[in-house]
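Engineer: Protein chains in written order, with the numbering used here: chain G, 1 to 317; chain U, 1001 to 1562; chain S, 2001 to 2298.
Think of the hints as simulated: they come from the structure by calculation, not from any bench.
For each residue, glycine too, the CB sits at the ideal point set by N, CA and C.
Just so you know, not all the hints are guaranteed correct.
What the hints assert, rightly or not - Only part of the chain S face toward chain G is listed, based on derived beta-carbon distances under 8 Å:
| hint | residue |
| --- | --- |
| 1 | Leu-2033 |
| 2 | Leu-2111 |
| 3 | Leu-2145 |
| 4 | Val-2154 |
| 5 | Ile-2165 |
| 6 | Ile-2242 |
| 7 | Val-2257 |
| 8 | Ala-2275 |
| 9 | Ile-2278 |
| 10 | Ala-2279 |
| 11 | Asn-2286 |
Chain by chain, the residues run as shown.
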Amino acid sequence: MLRYILKRLGLAAITLFLLSVIVFGLSQLLPGNVARAVLGQFATQEAMDSFNHQVGADRPAIVQYLDYMRGFVQGDLGLSLASEAPVWSILEPAIINSLKLAALAFVIVVPLSILGGIAAGLRADTGSDRSITIFGLSMSAMPEFVTGIILILVFTIWLGWLPVTAQWDEGAGPGTQIKHLLLPSVCLALVLFGYIARITRAGVIEAVDADYTRTAYLKGLPTHTVIRRHVLRNALLPTLAVVATQTSYLVGGLLIVEQLFNYQGIGLQIYLSAQQKDFTVLTSGLLLLGVLVLIVTLVADIVYGLLNPRIRFGSAE
Amino acid sequence: MDRETRRFLEEFRCNQATPIENNLIDELVNGELDRTEFLRRGAMFGLSVGVMSSALALVGDATAAPQGSFAGAAESVKVGGTVRVGLAKWGGSLEPYKLAEAGSLGMSGIPGEYLTYSDNNNQIRPWLAASWKASKGATVWTFQLRKGVKFHNGQEMTADDVVANFKLYTGNKQSQALSIFEGILGPAGVVKKGRYTVEFRLKQATGAFPYLVSQTGYQLIIVPKSIKPDTWVKSGMIGTGPFKLKNFTEKRQYNLVRHEQYWGGRPPLDGVKVTAYETSTAMALALRAGQLDIVSAVSRLEAQPFIGNKKFRVLTLPTAAHRQFTMRADDPALKDPRVRRAVALTINRPQLIEGLLRGAATLGNDTPFWTKYPSAASVAKRQRNIATAKQLLSAAGAQDLGFTITTHRLQELPDYAAAIQRYGREAGIDIKIEVQSDAEYYGGGDDYYATTPWINKPATITEWGHRAVPNVYLTAAYASNGIWNAPHYKNAKLDAAIKSYLSAVDLQTQRKYSKVISAITQRDVPIVTAYHFTSVTPVAAKVRNFQLESINHVRLAKTWLA
Amino acid sequence: MSSTVGPDAGPPPAAAAVPSEARTARNERLRLLLRTPTVLVGGVVLLFWVTFAILGDRITPYDPIFDQGQDVLVGPSWAHWFGTDNLGRDVFSRVLAGSRDILLVAPAATLLGTVLGTAFGLVIGYFRGVVDDVISRVIDAVLVLPVILTGLVVITALGRRSPVIVTILIGLVFAPLVARTVRAAVLAEGELDYVQAARLRGEKAPYVMFKEILPNVMPPIIVEFTVRLGYAIFAVAGLTFIGLGIQPPSPDWAVQVFEYYASIDPFWWATLFPALAIASLVIAVNLVADGVREVYER
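With these hints in hand, go ahead and build the complete structure from the sequences.
Structural biologist: The structure is reproduced here in structure tokens:
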């Protein structure tokens, strides 16, 4: 088990390094002028040259990369090119926001979709199974910006139950924050519900057919115990794997939803910095997002390892 | 008219009035100017209220000249409360000399104020400058500052501050205000003449100078000279405005409180809470849900659900903002002016205004002059005429005309292109549409002005904001050496007329040259201007004494909440 | 996600022998597919959209681009079943004509991704060792970031928004995912006899990979293709919505949703119908993909 964890850590580190090179290369692709994007279409040539020199955007790429990595490792992410603020002060709240939203969406969707998947799997090919599957399928097929705006219309404008944007005042308590995050979380939950439920359902069907389940029944164990002890655990494994793969979407892929709910998440922040050719924020944003996803994946991998007896008790991987 | 007034007026005319001012009064007396125009011009040239009403009395008009711009309404004002304002998110800086976006200019314009104010009738009024005079044929302008204006930090505003500010605005290489003063004013021309007197020595005669330093030159906020450039936000956005910054979360939320010593009188509101919104959609939704009271601007479609809703008032304001549909005068397919005129004649302008813009626009006639500019001479209305268009095309040998319109994805621009495409088809013109991203459309290589698409493609559609006077449109888009002259149209006669227009000081002359300019542009059509926007913006019904501003400033000095 | 390619996937095509057996197996699968109700439903819907993508404005009630009428933003009525948009164009016609762009870009992107991914997967699965380790790590690195974000940054970086760029981009992003699946399948195949036999015969690596192994890993590749197609449609719609790829005034569905979703109240028809069209296409593709997967993984 320990070897498993260490190996995973090592792989993650290599991946991170490669990611930094890719990300930096990407941000260097941004052609033309940082100055033009930041100062606007009506700026003069002199203004732009002066600005470019001021922020060091006229140095060779390798120099900028090394400089940047040195800073990153030490925790100094430099200053944003578009505004004069430190990059970390822009990214930190964005990351925290994205984590909060992802966490709430997670908390909502995982139990519901697992229950749905189990219900569907146990009643495979019946009316309830069909309904759950079709519901999940349709919801995940609808673009999230459409479900989002319908949710807003119904729950905030017409019913007035929930706040319209996911933005709360400084110092608001967790209750208020959750209230503000509820709609975007539901929006995301709808997208993922079908996907997770289907995997769970498949896992349940497979587990129900398996030998060990039949053995358990024959041993005279009651249904719910069988489900709890055998089916559930084995259905959870693929579910966990799938959830881990959705992390990058949940944390960083939400910029449309973030725009709609006026929520300053990391996806939106990266989008904005790409538009403004704000190298420093863009590079750090992408890298930090990568770090986050790698950490979550690592944790998921470890939990997977704990749950999967084949890995826990050591066998060739 | 009593003898006192007559004597007062004559004294003024003999001893104090400049040639410009005398000329103005002459025009009034001769009937060349009506009352409204006289008041407008008089205010622009700094005639005092007393002089103006005397002059009006001279011609038998007994009503007094209007009050200053900040008088409150007569109803019983309720004091207290915090108004919640939504602005479009900005990416750049709030630093005055760097302002370039709608959201940031709106934000900085709350604690910050300007020398003069161009009101919604295009009349220029005193603000931080109490009065002004022009001399030497409008090349030297002397501004008297208002006395006793206190900044948020308690300091008094004096000429030192104004001079320091304007030297920065006209001199710093990164100043976004450079384009306003190009060839007109440099830092050396800003001179202190007294504790409250500033002199602007212009490089060329500019009759409309007071308009240039109004809030439509939105970078020109007056701040204490002790605040170094790029530290304005950090030091608390110190200005002279009715509200001062209390605290903020960068680019998200800004909380302001009443400036008790505001020169215009104690503002009714306790404070202002400004929130930045990613999209106008999110902002419109927030207004509808009652989480905002005021929004800076939403699209015409987004304003629809507010119309007829008792909880809101929908305000409208015609502006000069427009779209320039340009055709390059040196492109092989488009170089014949008859071809361009034909294209202009295919467009069904009333249908566009009614349909695409849902009535929120005023007619444009392919001239740089918005019909509501006082200096706009009356011109022939452009009417759609397919038959004439076809004739022109065959006369020019261009029966199978085809070209591509390049624009970018902003509001109704792509749909406008689609409409032009369809209109052109009726005259046998084959138009293709290319929609680029903002970055591509406004991007460019090393030689920016020679490579950027919006200035160089054969046909483009670009958005232009409201200006209080057409000066920038003329010098940048229509003049032969204009830096934003997308049609690459060069005409010496037009240049001469533009120059004469810009230096003209009296309305007659301005109108004369406006007519010359319009005749040329309507004939040669370097730029098609089919409509000018009317801003349609909802506001919560409980907000009183609030009006729309032509460039989305939010002015709250006398606003109160019912 | 692993495929169950094993002894029952069909006879090993050693030296291209027994073609008729392979064909029979394929026909059998096709027949099974066509009998599955979900596949039929999905297939019909797909066929519907493909027909309109090809015939486009020739069979729509109004011209989706040029019929700009007086009735602007009017709700559904007998004359206009789905109402009109802000230039008075018929929304029903535009929805019908809007399938073209997405049905060009999404399958092309998926195909590109599948081809590239298969090539990579074959190479790293066959050679294993260092090649496998290095390329797998690079694939991991690329997959860390969400598709839409990578897509967005690259497209913003390049500044240009043509559908071609979107196609290539999505193809490139999908390739690693396909490569992973193919790699797993190839690793399993590599143990089998016929591969060893081929190697012993002295066949070169490309021959072994493409002529011997590839036909045997086709089933998971086909499954992968159909699954990815659904995601591709989603990705293209999302990217178009934020402004990359197809531009207005095209009747493309995502473009229409983008133009009108902010004014869904009161102009709901201009957003809802294109959105439902997107959903119907995604669901149809998913239904077909499900059927294909079931048949191939039997």
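Engineer: Hints first: check each against the structure and report whether it holds.
Structural biologist: Checked hints:
Against a cut-off of 8 Å between C-beta atoms, the interface hint on Leu-2033 of chain S is violated, since the closest Cβ of chain G lies about 18 Å away. The beta carbon of Leu-2111 of chain S comes no nearer than 21 Å to any beta carbon in chain G, farther than 8 Å, and the hint placing it at the interface is violated. For the restraint placing Leu-2145 of chain S at the interface with chain G, the shortest Cβ-Cβ distance is roughly 6 Å, inside the 8 Å limit, so the hint holds. With its C-beta approaching chain G no nearer than about 7 Å, Val-2154 of chain S sits inside the 8 Å limit, and its interface hint holds.
The interface hint given for Ile-2165 of chain S is violated, since its Cβ lies 12 Å from the closest Cβ of chain G, which is over the 8 Å cut-off. Hint on Ile-2242 of chain S holds. Least Cβ distance to chain G is approximately 6 Å, under the 8 Å limit. With a least beta-carbon distance of about 6 Å to chain G, the hint placing Val-2257 of chain S at the interface is held under the 8 Å criterion. About 4 Å separates the beta-carbon of Ala-2275 of chain S from the nearest beta-carbon of chain G, less than 8 Å, and the hint is met.
With its C-beta approaching chain G no nearer than about 6 Å, Ile-2278 of chain S sits inside the 8 Å limit, and its interface hint holds. Because the beta carbon of Ala-2279 of chain S sits about 4 Å from the nearest beta carbon in chain G, less than 8 Å, this interface hint is met. The interface hint given for Asn-2286 of chain S holds, since its Cβ lies 6 Å from the closest Cβ of chain G, which is under the 8 Å cut-off.
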